[in-house]
Structure formats: structure tokens, C-alpha cells
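**Q** With the sequences and hints as input, model every part of the structure.
Residue numbers (this note's numbering), protein chains in the order written: chain E, 65 to 420; chain S, 65 to 420; chain G, 65 to 420; chain P, 65 to 420.
Since the hints were made in silico from the structure, they are not lab data. The hints are all genuine.
Pairs of lysine to aspartate or glutamate residues, derived as EDC-like cross-links and limited to a Cα-Cα distance of at most 16 Å, are as follows:
no.	chain 1	residue 1	chain 2	residue 2
1	G	Lys226	P	Asp314
2	G	Lys226	G	Glu254
3	G	Lys163	G	Asp379
4	E	Lys226	E	Asp314
5	G	Lys262	P	Glu321
6	S	Lys385	S	Glu161
7	S	Lys385	E	Glu321
8	G	Lys163	S	Glu137
9	E	Lys226	S	Asp314
10	S	Lys247	S	Asp233
11	G	Lys247	G	Asp233
12	P	Lys226	P	Asp252
13	P	Lys226	G	Asp314
14	S	Lys226	E	Asp314
15	S	Lys163	G	Glu137
16	G	Lys385	P	Glu321
17	S	Lys385	S	Glu369
18	E	Lys385	S	Glu321
19	E	Lys163	P	Glu137
20	P	Lys385	G	Glu321
FRET-style restraints, in silico, Cβ to Cβ:
no.	chain 1	residue 1	chain 2	residue 2	range
21	P	Ser338	S	Pro126	46 to 56 Å
22	S	Arg97	P	Arg216	33 to 43 Å
23	P	Ser338	G	Gly115	25 to 35 Å
24	G	Arg328	E	Gln335	53 to 63 Å
25	P	Asn235	G	Asn339	33 to 43 Å
26	S	Pro224	E	Gln335	21 to 31 Å
27	S	Ile330	P	Glu137	26 to 36 Å
28	P	Glu137	E	Ala322	54 to 64 Å
29	G	Phe255	P	Pro279	43 to 53 Å
30	P	Arg216	E	Asp211	50 to 60 Å
31	P	Asn235	S	Thr333	47 to 57 Å
The C-beta atom is built at its ideal place from N, Cα and C for all residues, glycine as well.
Listed here are the chains, written in short residue letters.
Protein chains: 4
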Amino acid sequence: MAGNSFGHLFRFTTWGESHGPAIGVVVDGVPPRLPIDEAALQHWLDRRRPGQSRFTTQRQEPDAVRILSGVFEGLTTGTPIALEIQNVDQRSKDYAEIKDRFRPGHADYTYWIKYGIRDYRGGGRSSARETASRVAAGGVARLVLGDGVQVRGALVQMGPHKINRANWDWNEIERNPFWCPDKQAAADWEFYLDGVRKSGSSTGAVIEIVASGVPAGWGSPLYRKLDADLASALMSINAVKGVEIGDGFDAASLSGEANADELRMIDGTAQFLSNHAGGILGGISSGQEIVARFAVKPTSSILAERQTVTIDGTDTAIHTKGRHDPCVGIRAVPVGEAMVACVLADHKLLARAQTG
Amino acid sequence: MAGNSFGHLFRFTTWGESHGPAIGVVVDGVPPRLPIDEAALQHWLDRRRPGQSRFTTQRQEPDAVRILSGVFEGLTTGTPIALEIQNVDQRSKDYAEIKDRFRPGHADYTYWIKYGIRDYRGGGRSSARETASRVAAGGVARLVLGDGVQVRGALVQMGPHKINRANWDWNEIERNPFWCPDKQAAADWEFYLDGVRKSGSSTGAVIEIVASGVPAGWGSPLYRKLDADLASALMSINAVKGVEIGDGFDAASLSGEANADELRMIDGTAQFLSNHAGGILGGISSGQEIVARFAVKPTSSILAERQTVTIDGTDTAIHTKGRHDPCVGIRAVPVGEAMVACVLADHKLLARAQTG
Amino acid sequence: MAGNSFGHLFRFTTWGESHGPAIGVVVDGVPPRLPIDEAALQHWLDRRRPGQSRFTTQRQEPDAVRILSGVFEGLTTGTPIALEIQNVDQRSKDYAEIKDRFRPGHADYTYWIKYGIRDYRGGGRSSARETASRVAAGGVARLVLGDGVQVRGALVQMGPHKINRANWDWNEIERNPFWCPDKQAAADWEFYLDGVRKSGSSTGAVIEIVASGVPAGWGSPLYRKLDADLASALMSINAVKGVEIGDGFDAASLSGEANADELRMIDGTAQFLSNHAGGILGGISSGQEIVARFAVKPTSSILAERQTVTIDGTDTAIHTKGRHDPCVGIRAVPVGEAMVACVLADHKLLARAQTG
Amino acid sequence: MAGNSFGHLFRFTTWGESHGPAIGVVVDGVPPRLPIDEAALQHWLDRRRPGQSRFTTQRQEPDAVRILSGVFEGLTTGTPIALEIQNVDQRSKDYAEIKDRFRPGHADYTYWIKYGIRDYRGGGRSSARETASRVAAGGVARLVLGDGVQVRGALVQMGPHKINRANWDWNEIERNPFWCPDKQAAADWEFYLDGVRKSGSSTGAVIEIVASGVPAGWGSPLYRKLDADLASALMSINAVKGVEIGDGFDAASLSGEANADELRMIDGTAQFLSNHAGGILGGISSGQEIVARFAVKPTSSILAERQTVTIDGTDTAIHTKGRHDPCVGIRAVPVGEAMVACVLADHKLLARAQTG
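**A** Right under this line is the structure:
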């Protein structure tokens, strides 16, 4: 019920605002005796951390995560793991002038209408800063999943520019500032995004998350379908406007013959000959790679002046001078990975509960 | 947690298999003193009912809904409303030959792996027959929403063929067997789908659901976002592979200037000048129309022979002779409407709880 | 959230009113491939069934349970099990005169204030008839627990008359109409309760539920403590006003030395030398017998005239002429057993989820 | 599901161990625009704080609470409120010798069996130190309830010594170190407890919580009954072994005539002439005072040597030299108040959701 918690058995609760003293997450339901330390979690947070290239916001946050509970002598104890990240580079002054105006594309207006109060500093609770907590939780989820399950993400489209899937090379994603698996596309995007950035504009993106090593049998009918939980998880990320599993919207254009993945016995086990389904049938994992994609809208904070109104009901205009990402989709890659890892960890435990 | 329940405050639980004696749904959390009778619910069930045109399965099910509890003298009492629908036209013999073989594209394989047991008759629990329960629950949800909120759906793409949005006319959707708002597209689809049907093939579809009259302020940060719940709701429908809100995946290609909806005072109230966001900002309704779309894969049951394996691990082939929909997306329209209505009813109550 | 559901992983939802067409329960989360049939569930329902002695209401209900889903070829499938019981002997005329008056001790007044509508026939949803659904769910829970766990209940106090615990013999509970484990007390109670019954009065009772065979390690800190869930489960039964675990309220009078159960290695395993704790420490089962007790208030429907008011705010009086139990606590024994079985089944699955 | 969260709409999640760096709680679902500051919460924490008399543990903890999120310019924002309390006086050395031995009456053994790992320092997660987080959450709950609802607690029995209810004076509870409403009993207890303390023993207690100002209509049938949630809330407190509502176990001894509270129109409104029910009928508040009691077992840490075993399965003995409460029930009074306040705040929101 609580709007700031996610998951069922592997469940986390996040708290904190962009310009408060800290943000954090409490992760509950973690199995005991898993080796864990702050460095293991920091690895994932560093991937999401801003200010690492000219293509992300220049806000300087070390995002150093601290474990406050749930760990004893280097092992999880089965009790809730509280993780905390101090806010360091807050610069509240950047935001003073937007105090009374609703930024188009942001949650300013809806928060104001709903709550009648708004922490306008950096978006408050609606800031993408909250996603650091998700990444921390995702780090714990990966420990629950173990080495057998690998969750990786890649940017497959920036603005209107898609990768050439024939060029896909997972090794490339660490070699460019975009988590792009297509070396050529990454080069093109660098030129493209520099233009966007210099003009003070922004652009959207599509991210693909692939989970390999997931055994068949995770997920449930009907409202706890693995894909339904993935859809909820990914749509809950700031600025996401669409989610796909497997062929996604392209499946609508296919014939039944083209879409349904055939089975054959190979090396003594049943194997699918294709993966249009994205590794999920009837809400349950099939043993194939889980493939999910999500679309991120362009960053709403842009330099161009935009029409808006004040909280007092007066027409005005606004343009954003703060530090922002020209393509917030880039930093959504580790966030998407984290959310998928959390869903999978949850369903690993759920599957164990019902079917042992 | 329970995989067969949906919602938080307005919450329903479905049960039943395709070829069991009945299916049903228990709807909990309904406010008291709402006028309700079986006819009001039957209206919505009749829209989903099979066998009404040559483009849906010829299984003949009256889908007569019966209210077993929660209603007294024509009014809801605030206690759970149990709704039951008898299964009439079951014809189990149709399915005997697929008892030991996994139908590609269906949940046969994953249910078998997960549960080690499978009600193979008509897909058992994974059958789209379960969606009748959702439509019944959606009927109750509409009563909770009241006349001020209208939830309507339309088929906007069949196979590769999209409507021309310039032709959109809500009055058309009742005039063709496809819930198509574009008269010309409906005519074209009739020809197209006849070809698909006669060849024993199938095709996918995209459905758009529009909710009007939703006040600003429904929804919550962050994991109970209105769009996250909509994504979960729609992705939980059988055969759905993608969900979008507002511009959806197209938002990835937009610039920040094009995407962020501007605000202006009009007639004394703040109004948006466009609706790329689909009526949701930061997970909270903005007062605009809520716009969601979902993609349905082509029906997996097709006449063409397809490779598969048996439950004993032997290569074999299968083709479906039973009664099926050439485009199951058509009947997904009332199901999508119902799920959106349920999410909105839930968030209406949630909003009232926290902010009075 | 939904007020008519209980449990987390093993979760059931009940519906139905005393004088509606039927009552029922949907049990979700059941592991697959458990042998089950209607007779196995009927066994437990027959123990709660009214009209079996002169000490329970003479309402004649066969309480025949029907399985509508979730079972295939005699085995659970892992999908929701819908159970339904027809209401047969409703006699609505019995209740016509109490339509506009609140019966003292009943929920009439609070339902009216809360909902503004009231199914006055037999208490509607607040009738103890709902407990038949709990017993049906408990029958499924016992299958989940397996033969290794035994859940038994006994009446240990009727009105002011307690059993002599030195006489405790589980074999006696089936030999008297009270589920009393003390042969002598049962004989005394028969005389006592006849007096209560003939005078049109009623009396309360205390029930003790003992679960043996529960392994150490079920339960969780802190708000999912096994005893917290048991307390919720038992207090949710109609007319229950108190719950105890182990020594319960008597523990308040003990010294630390007397209360804390010591441990010794016996036959190679750690064993407790006493069981003041009632088999639960820190919310987690210790491997000893789980011992819970609950107090049931006297039946509120009595022959004596009692002061009350009408729904229109007029002073009046009421006395109950319908069929009622002189000691509703008797029939609460199988209900208490069922609730304890449901809590244990739930925690069995929860334990498996987190700690494998 | 998550074992460290409590509540539905007003929901809190606690974390932290006795000897970790800090403990804390995240409170979600709080309505916006409620005035709040750290001093308002500190008031309640100071009541539970140890070391204030010779009758509580001499551990010196300032228990200074810090608000980390969810508050802006002195008002709640509707987003999660993170509260944190540093652990200051940890003295881990006190506990080194009990590292490998299970303390009788504590959760040491069950945590070890369940998790296979145990933070033995001060009981780790099972320490009563966690209750400080509950009290902090309770402070927020009181803000949600507003001034119209008052939640007060009193010690009504220490060891075998009960108060004389005729002497009840709420003004007395702040004038003695026991929260005792009976001046004479308080004087007697001081003598009694000094004896217990000096002998290194301990004693149990019974606490009564009274909530006044609760309107009729809060609570729900059947598994979200107000009393069922109170039972769960109070039984979840460390060392609690029993919970009663209204007359509780004494109700079992009453006749139907004596137990059922009659109604009369007084000053134009329906009023009950007695309150055996403890303010709850059918799980829903009646508008009378809510009365709940709970029994706390004697502190398990005592000076006398007690038999136990080691984690390696060897017989041994143990006696506790650390700082402990001779009657932990004293400090349970503010904890019980806090839990009742949280349940009521939750049901206030739940009631508003369903019935407006």
C-alpha cells in the first residue's frame, strides 16, 4: 500500500528528497548469510553517479553508501538492511527562482495539487536523485540472485537514433559514456548529444535490460506475473513512458506463426528456437533470457523558455538554469538494471515459497 | 502477495479455470450504498462475450453474472461482492490431443515446469476466459468511479495496420466488430482479418484506453505511481507484451521542447496546452485525459503445424483445431477498459485516504 | 489491505452473508500437487456445523462444501481454490422484527454507523456463519502443513468453570459435545449449560489450540512475528476478546527465574525443559508445541429483554427469539484450529522463501 | 509481507540493531501539511528512554531523534518521513561472553536456528531497543490522529500485584516511575520492585491502553478488525504474551445479560450504558473508549545462573551481568501507546478511504 515500497518478499522502502540531508533505502526480506559490504554496493552506485562525463549533470555527489543495519561480520543477518547516502552538493540557490512556478514536464504541478505543499528544491521527492536508492537496493538484489543470474542493461536508442542490433557487443557498453552496445552508434550519439547539450535542449532514449541465467518457473499467474511486476518496476522509474517485454509493440504486427516460439529437444532438454516472448510465457519465466525495454522521455529541464503558470494562477514563463542531464536516459540504464534485479530477487523467493 | 488478487483498497481476487464448473471474482473494498444489480454488470460482460461475430471464438458462453454477496436491497453494503459466472460450453474433447504437448506461445510449458501439473483443458487457469472476471470487477469499479469518470477503449492497430487518428470518432466503436474508432480502418480490417481467419492464422493488435474526467491528484509517488499501476494492470492481461502512457515509446524521439506540456491559465484554471504525458506527471494525474496503450500478441492457437515437444521430452508437432480468436486483441478492449477502471477506482480511494 | 483476506503467501478471501444464497472462500498460494477432495474438507466443516447437539443453534445447515477451481484430477494445481457453501436454512422471517433495532453486543450499531446500510438478516456479514469459510480454508491449510504438523483445539473453560489440566486427555474431546479434554469437567458443563440454555441466557468460554510438530524457525521479526499473526488470526474470530500465547497473562505474575525456559542437550539435540513461552521466542517457533488460547464472550443473542435504541434514535427494548448457541465458544474450537492452521501454513511458506 | 513493516495506509518500517551505529524508522502514508518537528517526537521518546530511574536499565541513550525526510518548512509533505536515532552507549564488551550461549527466554536460540547467524551484541535485532523506533512512529501517528484522539497507557499490574481500579487517577501516572494510575499501588510497587532489583531477579506486568475520542466507524470486518490489528500490534512488542480488549478473558465468565452493553438515547445521541466490549463491536469502533491490555513477561536477563546450551551443542549455564530492566513492562507503556496510536491512525485513513 505504502507508495514508497516495492516488492513482496524482497521488499525495499526508499526515503529522502533531492535537497534534504540524505536519502536512503531499507531492504527487507534478504536471506541470511550472504556476503556483503559497502564496496559491493558502491560498485553499482558509481555507475549511476552523476558528473562522470559531460553528458550527465555536473552535480557532484560521491553517493557514498553506508550500511547501517542488517549486516554482521560481513554477512547479511536476515534483518532489514538500512542503506544511507548523504546529499553533499545540494546548491539550493539554483532552485530559488522556480519556487512558485510549475516546471512543464515535471511533477511540480501534480504534487502541488495533490499535497498542497511542495519541496521545490530540486524536485524534492520527485527528483531522479531517488533512483540512487533503487540502485543500492538493486545491489542487494544481485546478491540474492547470486552469480548465476546476470542482469545487464544497454541504451538501444537515443532520441530518434537506434542502434544496429547486428553490432551488439556487451563489451562495448563500458567503453562509451552511453552504455551503448553498438560501437558505431555510440560514436554517432556523441556527436548528436553534444549538439543537444550545447543547445540547452534534451532528448529521450530507450533502454534494454537483459537478464540471463533465470531458471524456468519464476513468476506467477495472474496479477503477480513476472512481466506485470517488471512493467510496474520499470514504469515507476522517473520519466519512463513505456515498457515492453520481448518483441513488445512489434508483436502486434506479427502473425501467429511468426510470433510463437517453437520448442525442440536439444541436448536432452526442451529449448526454444526463438525468443519473441522475451523469456516469459503466462507470466512465468521460460528459462530463456528475460528481455525488457523501456522508453525514457527527454529531460524536462531545458534552457528554452517555456510557458507555465504560478502557484497563484498567473501566466508566466520558465527556463531551467540548473545542472541537468541532456539525456537522462543514460543514467536510467543502471536504474533499470537495479529494478529488474529487484523483481527477479523477489520472484526467486516467491517461487521458492510456493513450489519449494 | 497472492498472485490472483489485484489492487490495494479496491481489490479483487479472481478464480476459476477455462473448463471448470465456473469462474468468479470477489471484489473487496467497495464503498457502501452504491446502486448495483446484475444487469449493470452484464452490460460490460456482454461486450467481452465470445461468439458475437465471425471474428471471435465461436465458443458459446452466455457469461451470465450472478451476485452472491455484498449487495442488499440493490445497494452495495461495503462487504465483499462475490460474482460468479458458470462455464457452459466447455467441450473438453477439443483439447484431449494437446494433453501431453506444449502449445508454442501458450503458458503450457511454463505452468508445467513451475507446478508439475497442468489443467490442459483450454489452458486451465491461463486461459483468456479469466478475463471475464476482470470485466465483472471493472463493472463494479465503474460504479465506484461514478458517472464523472468515463473509461473507453479502442483498437488502434490490427496487425501492421494502424488507424488514421485524424478519423477518430468514438461513436464508431460500437458500429464495427473491432471497437475501431476509424470507420475507414474498420472496413479495411474486416477484409484483412477475414484473410487471416480463413488461413487459420492470427494477428496482434494495439488497444488504446482513454479515461476522461479523472481529477488531478490521483496517484502517488513512487512505486504506487498511477502509471506504474496501470502498467502492471495492463501487462497482466493475457498476451500483452507492451504498455505505453501518453506518447509512450515515441517520447524517446522527442526533444525536451516538444515533449513537456506547457501550462496556461484558461478560464481561470491552469490548463495544459498539450498532453504528451498522457495525463500523468510524477505518477499523479494532472486532470487531463489519461491515455494508455497496450500491445497484444497474435493468438498463439493457429491452424499451421508448429514444432514443439511433449511433456516426456520428445520432439513432436502441433496444430490447433479448437475454437479461437483470429485477433484476440479485439476482445482485449473491454478487458483493458476494466483494468484501467479498477486502477482508477483504487486510486480514487487511496487519494481520499491520504489527502481527504 | 482488503479486510476480507487473511495471510500473506497462504492467503484466503472470504465472502458471503448469513442469509445470502451462499458463502465461500478463495484460497490462494497453495503449493501444487497436494491431494485434495471435498470429503477431506467436509470433515472439518462437519465439526463446526450447527445443529449437532442441543448445545448449538438448531439452524440446520448441511454446510456441504464444493470445490470450484484450483484442483485437477484430485491434486491442487497451485492456482486459487474456490470453495462454496450454499445457505440452505435461512428463515429470514426470524429476523424481521430486529430490522430497525440494534441488538446489544452485536455489530448492528457499528455496521450501521460505518456503512449507513445493514443486512439485518441474521447479522449479515458479521454473522458467525462466516466462520464456516475459515474452517474450509483451514482444511486446505492442513494439507499444506502435512501430517507432521497437528493442530488441535479444546475448550478449557466454560463460563467461570475451568478444566482440571491434570485430567487433560486429547481422546476425550471427541467424546463430549464441548471439545472438552477433561471428562469430569465435560460432565459438569453439561449440567451447567443446560441451565444456561433453558433460561435463555448464554455464557462465554476459553479455547486452547495446540500445534505440535512445528519445526523451529517459522515466524519472523518483528511485525510478522508468529505470535503477532496468531493474535490477529484469533482476535479476528467473532466474539473473541482476548488472546494468549504460552503462559499468557499469568506470565505477568512470574519471576524471571520461573518464566524463562531452560535448555539442555537431550539425545543430542537442544531441548527446552519447560514451555512457558508457548513455543515461540522472539516471534519465531522454538520447536516446542505452539500453545495459544482465546476468550470468547457469551453469545449476545439472549432471551432476556435488553435496552437498546432504533436506527431512528428512539429508546426501545429487544429480546432474541431466533436460534442461537448458548455457548458460541463451543463451535469456536474448530474455527480456532482453522485459523492457527492457516497462520502456520503461511509461515511455513514464508520461512521457505527467506531461508530456503 | 516484509516482517519489519507495520500498518496499511499509515505504514512504518523499522531497522537497526541494539549495537549497530543507529536505529530508525520510515513512516509512509502520512497526510500532508501536518505541523511536525523533532521536539514533538522527542517528547514521546523521552518517556521510553532508559536510565531515568533506578527501575530501568542504566544504559545511557539520549535517543535523540532526527528527521531526515518528508518534512519541509515544518510541515509534512506526504512523502516518507525517515527518523533516525544514533546508538551511543553500546558497550559491546558486556555481551562478549554470551556470544556462544543461548540466553533462556531470549530469542537467541530461535534466531540462530532460523538464520544460522546471530548478532549477539545486546540481542541484535531482537533487542527491546527497536521499540524506540515504534515510539517515534507513534509520535507521527498522534499527529495524524489530531488532538481529538488521546491515547494513554498505564501499568495496572506489576508481578502479581494489581492496582485498585477504584483509585484510578490519570494524573498519577506522571508522578511515579511506573506509569501507575493508583498512588497507593505505586508506593507498594516501589518497595516490591526494589526487592526484585536487588536480588537480580525480574518481574512481569500488565499494561492498559485507553484511547478516547475515537469516533464510531473505524475498523473493518473481518481480518482487518480494529481489535485484530490491535492484537497484532501489541503482541508484536517484545516480551508480550497476551492481549485483551475490553473485559478480555473475564468476558468468558460473564453471562450474556452481563456482557452485552445496552444502548440508550442520551442527549439526543445513542450511548452505551457500559463498555464491556472495550469500544469495539464486530471489529468496528463504537464511539466509546477503546480499551486494550497486554501482558509482559518478566525480563529474561537475570542474575541467577540458568541452564542452557552452546551453539555447538554443549550443556552450560549462563547468568546476565549486563544492564537490564527489573520490570521491562514499565518501559512498555509508551511503546503500547505508540502501537495503539499507529493502529488508530491507520484505521482513520482506511475509514476515510472506503466511506469518505
